[in-house]
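Number of protein chains: 2
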Amino acid sequence: MGGHFGFFRRIPKLQNFFNGAKLIELQFVFFRPKIFQMKKYSLVIHGGAGTLVKGLMTPEKEEAYKIALNEALEKGYAILENNGSAMDAVETAVNHLEDSPLFNAGKGSVFTNDGTHEMDAAIMDGKTLDAGAVSLITGIKNPISLARDIMEKTEHVFLAGEGAMRFAKSLGYTLETPEYFYDEHRYQQWQNIKDSDKFQLDHSMKKEGKFGTVGAVACDKKGNIAAATSTGGMTNKRWGRVGDSPMVGAGTYANNKTCAVSCTGSGEYFIRGVVAYDVSCLMEYKGMSVEEAASEVINKRVLEIGGDGGLIAVDADGNIAMPFNTEGMYRAFKTSEEKKEISIYRD
Amino acid sequence: MGGHFGFFRRIPKLQNFFNGAKLIELQFVFFRPKIFQMKKYSLVIHGGAGTLVKGLMTPEKEEAYKIALNEALEKGYAILENNGSAMDAVETAVNHLEDSPLFNAGKGSVFTNDGTHEMDAAIMDGKTLDAGAVSLITGIKNPISLARDIMEKTEHVFLAGEGAMRFAKSLGYTLETPEYFYDEHRYQQWQNIKDSDKFQLDHSMKKEGKFGTVGAVACDKKGNIAAATSTGGMTNKRWGRVGDSPMVGAGTYANNKTCAVSCTGSGEYFIRGVVAYDVSCLMEYKGMSVEEAASEVINKRVLEIGGDGGLIAVDADGNIAMPFNTEGMYRAFKTSEEKKEISIYRD
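Protein chains in written order, with my numbering: chain A, 1 to 347; chain B, 1001 to 1347.
If you're looking for bench data, these hints aren't it; they were derived computationally from the structure.
Hints may contain errors.
What the hints assert, rightly or not - Straight-line C-alpha distance at most 20 Å; calculated PhoX-like pairs for lysine-lysine:
1. A:K222 / A:K39
2. B:K1300 / A:K286
3. A:K300 / B:K1300
Given the sequences, and given the hints that come with them, work out the whole structure.
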């Protein structure tokens, strides 16, 4: 049996059929009917990129991060395995990361200058190019699900601030109390700088810390892809700053023709570089693979304009990329080829 | 004198010098030192695109629009002529359009569902890739100038809502009263639909009306380019909807390497298409001219995803493009080749 038919070895009945029908097999080699192709599917997630210094994290904390990443990965992957959509897989994986206190999104969001938690999120469906995004919301447990509701229940893409909160309430969203988002460590981060003009990207801390943004990209069994990104912003941020995460094209993008991308890093540079769409354009207009394009953007184009961070990407064939130009990026992937990996540092 | 040196005819002293120095001239033909090249510079502005039906506008109104466009054009162009920067030219031109009651930006902004005026704007410097954007602000006379202040006086790109208002106040911005933004015609537009769930893009009205967004792109004598876009949103819009105008890459983009772009149209589609950056990518990655790239995006790619509207674009050589796939687009341009045009409809 040729390379394309290797998977038939697991299906004895079909294999026998083809062993006795070389001519038909040859036809399949040339025409490759979709129905007989084992479609590769995959999920990639991230929990932020930054100056992760190996020595500053205890083995216990490292383990806690890896457990949280693994749980989010397995929950999202189970959806793909059960013929679910890429959209459902990325939403579920991000929901799980939002519910963890370890990552700067949802429950784990950092404190703003006002002592509140302002969150942003975006989701995009590569099949339809539909997208939903939300910014500057407070008290919402799962911003990524609100972004999806904006995509599916309004004619808009992007809602922000008080207006977005009114929309959430009109759908029956209930608000979590400030206690839900309270975290001693993040509170101390904020106390240390709140009376200064400083703000900090959570992931740019030189000490042990909780990192930036979370995100997921997936390719399902039908070859549809999707991307989702959610963030709690920057410690001590003021003035309603909007980062790249909720911006379609900057922090989040998906298109079946090319790739699904979720970014994490110094948001202002990712906005100016229109980073997520740049990966897509390099694939569409220059014929690069998802891996080549993602690397070109993160290791060259973003660096050239002074940005640091990383991204995760997947194409409609289930191929993945996870480049970052920082010391580390919380990341994990699982594919139907039974490959799985959970990592933090550059190896 | 050859084509490259035609401009020397206006400078008798230099012409005499070169007439007596054919060898030196030949060198210049090959090496073309920048200092001796007549750099083409240009300004393009728009006041929105949409279903402008010729019969529905009176000659008087048409004239009023053309006068307003001409004034904005001349004010911006004068800056370029006097060795000013592309950034100053686009800000000045957009300020002028914002101050006119005829266009849906600044003073002429439409009513939201709450009866307020929520405005968005973005500006980008093609030389540095610096950008500033603002969304969901009220009472600010010139949102584009606030966007520029965000670019120049913060480390952020994008501020929105109440936070952006606090930033404006910290800089000493004063707020206009609601009367400043009041307009009987726009009030009636709103009254007609305010109790429905409908909202409308100002430019999508089938009757005589004031149209969408305003914007400007410029190339200055140094070959630096810039883009600016400002809008008053959609009549009866709710929930803090953010359109494409303030989104770098979607409604506004500038990069000396490629082009400066300002878009107007059905914002949600322009966000999903990452339209402004798409023009840039077609130039950078496919080698298209600004005219080819702009036309490809508006007449093909945006149409394919169901979007309608147009854009204005300029490259660092001063070449311009103004494609639109609607019945009309308020637009005007002036170049140092003494070309000037002010138009509304497709000819």
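Outcome of the hint check:
1. A:K222 / A:K39: holds (7 Å)
2. B:K1300 / A:K286: Status holds; Cα separation ~19 Å.
3. A:K300 / B:K1300: violated (30 Å)
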